[in-house]
Amino acid sequence: MKVVITGGPSSGKSTLIEELSRRGFATVPEAATIVIKRGLHHPTVDPVSFQREVLSLQIRLEREAEGRGAEIIFCDRGIYDGLAYLRFYGISEKVIQLPPDWRYDAVFHLEQLPYVRDNVRFETPGEARRISQLLWEVYRELGYDPIRVPAMEVERRADFVIGRL
138 MKVVITGGPS
148 SGKSTLIEEL
158 SRRGFATVPE
168 AATIVIKRGL
178 HHPTVDPVSF
188 QREVLSLQIR
198 LEREAEGRGA
208 EIIFCDRGIY
218 DGLAYLRFYG
228 ISEKVIQLPP
238 DWRYDAVFHL
248 EQLPYVRDNV
258 RFETPGEARR
268 ISQLLWEVYR
278 ELGYDPIRVP
288 AMEVERRADF
298 VIGRL
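Following the numbering used here, the numbering of the sequence shown begins with 138 at its first residue and continues without gaps.
Simulated from the structure, these hints should not be mistaken for lab results.
The model shown is predicted, which means the values in this text are computed figures rather than measured ones.
Don't be surprised by glycine CBs; every beta carbon is placed ideally from N, CA and C.
One should not assume that every hint holds.
Think about it this way: if two alpha-carbon atoms lie no more than 30 Å apart in a straight line, the pair counts; the simulated DSBU-like pairs of lysine-lysine are [said to hold, decoys possible]: (1) LYS174 with LYS139; (2) LYS139 with LYS231; (3) LYS174 with LYS231.
Quick list of simulated restraints, FRET-style, between CB atoms [unchecked claim]: (4) ARG285 with GLU230: 21 to 29 Å; (5) LEU177 with THR261: 32 to 40 Å; (6) GLU155 with ARG266: 21 to 29 Å; (7) GLU230 with PRO262: 35 to 43 Å; (8) LEU177 with ILE228: 32 to 40 Å; (9) LYS231 with PHE297: 16 to 24 Å; (10) ARG175 with GLN234: 37 to 45 Å.
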């Protein structure tokens, strides 16, 4: 079972992924954060190259996790998150090629938490809310029924997610 944890910037995705990992679940880190930290691509400079690099890395990370044979894998974002970011920048989704048969078994959409800027977040709080809405729309359009995860302590969020699998 492959599960996406998505939501806007500063919604607690990575913190929730860390909690799920601490509980023994297989996890996939956020590819976009890895790409930004490498310093080769940045979404504000060249969103298309950035999303292509993120997509490639996300696919590789998910395949590696699947190859380890875990029963449940939690992904810090999914390959379709990039579509929401392309929309945010007003760029056609056709600039990236998605695998046609890539599916997730469940999608959890985290409600926004108080916005905290760090070395990988560049959005304003308003932009973060807009991205969150676009993520919701993208997954709905792709036939998913995302489950909203309320803003609450990370332990309760983890219990909430696990309880709905």
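Hint check results:
1. LYS174 with LYS139: With Cα atoms ~25 Å apart, LYS174 and LYS139 stay inside 30 Å; holds.
2. LYS139 with LYS231: 25 Å, holds
3. LYS174 with LYS231: Roughly 26 Å separates the two Cα atoms, so the pair holds.
4. ARG285 with GLU230: 21 to 29 Å: For GLU230 against ARG285, whose Cβ atoms are near 24 Å apart, the range 21 to 29 Å holds.
5. LEU177 with THR261: 32 to 40 Å: 25 Å, violated
6. GLU155 with ARG266: 21 to 29 Å: 23 Å, holds
7. GLU230 with PRO262: 35 to 43 Å: 25 Å, violated
8. LEU177 with ILE228: 32 to 40 Å: This hint is violated: roughly 19 Å between Cβ atoms.
9. LYS231 with PHE297: 16 to 24 Å: Taking Cβ atoms as reference, LYS231 and PHE297 lie about 36 Å apart, which means the hint is violated.
10. ARG175 with GLN234: 37 to 45 Å: 22 Å, violated
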